[in-house]
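Participant: Sequence:
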Amino acid sequence: MPESGPEPVYLEGDQWKAYARDFKRSAFRLEVHQTYTMPAESETFHSFLAGKPMPEGFNGAWHKTLRDHATAGRTMTRAKIVRRPLTPCSRYSFAWGIPGNVDAGEDYRIIDVTEKGNPGLPEQDFWMFDETTVVHLNYRPDGTQVNRELIQEPDVEKYLAWRDLALEIAVPFSAYQT
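In terms of the numbering used here, the sequence shown has 124 at position 124, counting the first letter as 1, and numbering is strictly consecutive.
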(Lines of atoms letter the chains of each structure in order from A; the text may use other names.)
(Lines give C-alpha, C1' and ligand atoms only; values in the text may rest on other atoms or scores of the structure.)
Protein backbone atom coordinates (compact mmCIF):
# COMPACT_ATOMS: atom_id res chain seq x y z
CA MET A 1 0.00 0.00 0.00
CA PRO A 2 2.31 2.78 -1.17
CA GLU A 3 1.85 6.27 0.16
CA SER A 4 2.34 9.29 -2.07
CA GLY A 5 4.88 11.90 -1.13
CA PRO A 6 8.64 12.21 -0.83
CA GLU A 7 11.14 9.49 -1.70
CA PRO A 8 10.84 6.43 0.56
CA VAL A 9 13.02 6.16 3.65
CA TYR A 10 13.96 2.58 4.48
CA LEU A 11 15.00 1.71 8.02
CA GLU A 12 17.76 -0.80 8.72
CA GLY A 13 19.72 -2.07 11.70
CA ASP A 14 20.19 0.31 14.62
CA GLN A 15 18.12 3.02 12.94
CA TRP A 16 15.13 0.63 12.90
CA LYS A 17 15.79 -0.71 16.41
CA ALA A 18 15.70 2.84 17.75
CA TYR A 19 12.01 3.15 16.86
CA ALA A 20 11.02 0.08 18.89
CA ARG A 21 13.34 1.11 21.72
CA ASP A 22 12.91 4.88 21.98
CA PHE A 23 9.19 5.61 21.60
CA LYS A 24 7.84 7.77 24.42
CA ARG A 25 4.28 6.55 25.08
CA SER A 26 2.91 3.85 22.80
CA ALA A 27 3.66 1.43 20.02
CA PHE A 28 1.00 -0.38 18.02
CA ARG A 29 1.52 -3.10 15.42
CA LEU A 30 -1.03 -4.53 13.00
CA GLU A 31 -0.02 -7.98 11.72
CA VAL A 32 -2.00 -9.03 8.67
CA HIS A 33 0.01 -11.84 7.08
CA GLN A 34 -0.51 -15.48 7.92
CA THR A 35 3.12 -16.45 7.34
CA TYR A 36 6.29 -14.61 8.28
CA THR A 37 9.55 -16.12 7.07
CA MET A 38 12.17 -14.79 9.45
CA PRO A 39 15.68 -16.15 8.81
CA ALA A 40 16.73 -15.43 12.42
CA GLU A 41 13.89 -17.69 13.64
CA SER A 42 14.44 -20.53 11.18
CA GLU A 43 16.14 -22.86 13.65
CA THR A 44 13.57 -22.42 16.44
CA PHE A 45 10.69 -22.59 13.96
CA HIS A 46 11.94 -25.95 12.67
CA SER A 47 12.46 -27.16 16.25
CA PHE A 48 8.84 -26.25 17.02
CA LEU A 49 7.62 -28.10 13.92
CA ALA A 50 9.67 -31.14 14.97
CA GLY A 51 7.94 -31.16 18.36
CA LYS A 52 11.02 -30.19 20.36
CA PRO A 53 10.65 -28.22 23.60
CA MET A 54 10.99 -24.46 23.58
CA PRO A 55 14.58 -23.45 24.38
CA GLU A 56 15.30 -22.02 27.82
CA GLY A 57 15.27 -18.22 27.73
CA PHE A 58 13.56 -18.12 24.32
CA ASN A 59 13.14 -14.46 23.20
CA GLY A 60 14.73 -13.31 26.47
CA ALA A 61 16.22 -10.10 25.06
CA TRP A 62 12.88 -9.06 23.55
CA HIS A 63 11.06 -9.88 26.78
CA LYS A 64 13.49 -7.63 28.68
CA THR A 65 12.69 -4.81 26.22
CA LEU A 66 8.97 -5.34 26.79
CA ARG A 67 9.39 -5.36 30.59
CA ASP A 68 11.48 -2.18 30.42
CA HIS A 69 8.75 -0.45 28.39
CA ALA A 70 6.04 -1.58 30.81
CA THR A 71 8.07 -0.45 33.83
CA ALA A 72 8.53 2.98 32.22
CA GLY A 73 4.77 3.26 31.55
CA ARG A 74 5.06 2.80 27.78
CA THR A 75 2.50 0.53 26.13
CA MET A 76 3.14 -1.92 23.35
CA THR A 77 0.07 -3.39 21.67
CA ARG A 78 -0.36 -5.73 18.71
CA ALA A 79 -3.37 -6.93 16.82
CA LYS A 80 -2.85 -10.06 14.72
CA ILE A 81 -5.30 -11.09 12.03
CA VAL A 82 -5.72 -14.87 11.77
CA ARG A 83 -7.64 -17.30 9.61
CA ARG A 84 -8.34 -20.93 10.42
CA PRO A 85 -6.81 -23.32 10.05
CA LEU A 86 -3.84 -21.56 11.59
CA THR A 87 -0.68 -21.65 9.53
CA PRO A 88 2.42 -23.34 10.97
CA CYS A 89 3.83 -19.85 11.48
CA SER A 90 0.79 -18.76 13.53
CA ARG A 91 0.85 -22.00 15.55
CA TYR A 92 4.54 -21.33 16.33
CA SER A 93 3.74 -17.75 17.41
CA PHE A 94 0.80 -18.89 19.53
CA ALA A 95 2.86 -21.58 21.28
CA TRP A 96 6.34 -20.09 21.57
CA GLY A 97 6.15 -16.36 20.86
CA ILE A 98 3.04 -14.61 22.03
CA PRO A 99 2.67 -16.10 25.56
CA GLY A 100 6.12 -14.85 26.61
CA ASN A 101 5.44 -11.44 25.09
CA VAL A 102 2.17 -11.17 27.02
CA ASP A 103 3.86 -12.28 30.25
CA ALA A 104 6.49 -9.57 29.68
CA GLY A 105 3.85 -6.84 29.35
CA GLU A 106 2.76 -6.68 25.71
CA ASP A 107 -0.96 -6.31 25.03
CA TYR A 108 -1.40 -8.88 22.26
CA ARG A 109 -4.80 -9.30 20.63
CA ILE A 110 -6.27 -11.57 17.99
CA ILE A 111 -8.71 -10.78 15.18
CA ASP A 112 -10.12 -14.00 13.70
CA VAL A 113 -11.56 -13.25 10.26
CA THR A 114 -12.24 -16.87 9.29
CA GLU A 115 -16.02 -16.52 9.27
CA LYS A 116 -16.43 -12.74 9.25
CA GLY A 117 -14.03 -11.58 6.58
CA ASN A 118 -11.98 -8.42 6.75
CA PRO A 119 -13.83 -5.67 8.66
CA GLY A 120 -12.06 -2.85 6.82
CA LEU A 121 -8.48 -3.16 7.99
CA PRO A 122 -5.62 -2.64 5.53
CA GLU A 123 -3.68 -5.53 4.04
CA GLN A 124 -0.48 -3.82 5.17
CA ASP A 125 1.56 -4.56 8.27
CA PHE A 126 2.56 -1.44 10.12
CA TRP A 127 3.91 -0.09 13.36
CA MET A 128 2.67 3.23 14.72
CA PHE A 129 4.79 4.89 17.39
CA ASP A 130 3.45 7.58 19.74
CA GLU A 131 0.40 8.02 17.48
CA THR A 132 2.51 10.08 15.06
CA THR A 133 5.14 7.92 13.35
CA VAL A 134 4.18 5.13 10.93
CA VAL A 135 6.46 2.43 9.57
CA HIS A 136 5.23 -0.06 6.96
CA LEU A 137 6.64 -3.55 7.08
CA ASN A 138 6.68 -4.86 3.52
CA TYR A 139 6.75 -8.59 2.72
CA ARG A 140 6.98 -10.92 -0.24
CA PRO A 141 4.14 -13.41 -0.71
CA ASP A 142 6.22 -16.11 1.06
CA GLY A 143 6.42 -13.94 4.21
CA THR A 144 10.00 -12.76 3.77
CA GLN A 145 10.41 -9.16 4.81
CA VAL A 146 11.47 -6.86 1.97
CA ASN A 147 11.97 -3.68 4.00
CA ARG A 148 10.73 -1.33 6.69
CA GLU A 149 9.54 1.94 5.22
CA LEU A 150 9.18 5.09 7.29
CA ILE A 151 6.07 6.80 5.96
CA GLN A 152 6.73 10.48 5.62
CA GLU A 153 3.69 12.68 6.02
CA PRO A 154 1.33 9.80 6.92
CA ASP A 155 -2.40 10.31 7.19
CA VAL A 156 -2.21 9.66 10.94
CA GLU A 157 -5.99 9.83 11.39
CA LYS A 158 -6.36 6.87 8.99
CA TYR A 159 -3.85 4.78 10.98
CA LEU A 160 -5.47 5.75 14.28
CA ALA A 161 -8.85 4.68 12.87
CA TRP A 162 -7.39 1.33 11.78
CA ARG A 163 -5.80 0.86 15.20
CA ASP A 164 -9.06 1.70 16.96
CA LEU A 165 -11.06 -0.65 14.72
CA ALA A 166 -8.56 -3.46 15.26
CA LEU A 167 -8.65 -3.04 19.02
CA GLU A 168 -12.45 -2.81 19.06
CA ILE A 169 -12.93 -6.17 17.32
CA ALA A 170 -9.92 -8.04 18.68
CA VAL A 171 -9.91 -10.32 21.69
CA PRO A 172 -7.02 -10.56 24.15
CA PHE A 173 -4.67 -13.41 23.30
CA SER A 174 -5.49 -15.07 26.63
CA ALA A 175 -9.20 -15.22 25.65
CA TYR A 176 -8.68 -16.56 22.12
CA GLN A 177 -9.57 -20.21 21.70
CA THR A 178 -7.34 -22.03 19.20
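There's no promise every hint is true.
Said to hold, decoys possible - With a straight-line Cα cutoff of 27 Å, these simulated BS3-like cross-link-like pairs (lysine-lysine) come out:
hint: 1; residue 1: K17; residue 2: K64
hint: 2; residue 1: K52; residue 2: K64
hint: 3; residue 1: K24; residue 2: K116
hint: 4; residue 1: K158; residue 2: K116
hint: 5; residue 1: K17; residue 2: K158
hint: 6; residue 1: K64; residue 2: K24
Hints in this document: simulated from the structure, not taken from any laboratory.
Participant: Each hint: holds or not?
Facilitator: Okay, the hints, checked on the actual structure:
1. Our distance criterion of 27 Å between C-alpha atoms is met by K17 and K64, whose separation comes to about 14 Å.
2. Distance check on the hinted pair: K52 and K64 sit about 24 Å apart at the alpha-carbon level, within 27 Å; holds.
3. Straight-line distance between C-alpha atoms of K24 and K116 comes to about 35 Å, which puts the hinted pair past the 27 Å bound.
4. Between K158 and K116 the CA atoms are separated by roughly 22 Å; this keeps the pair inside 27 Å, and the hint holds.
5. At roughly 25 Å between alpha-carbon atoms, K17 and K158 fall within 27 Å of each other, so this suggested pair holds.
6. At most 27 Å may separate the alpha-carbon atoms for a hinted pair to count; K64 and K24 meet this at roughly 17 Å.
Comparing the model with each numbered hint stated earlier shows that hint 3 is the single one that does not hold.
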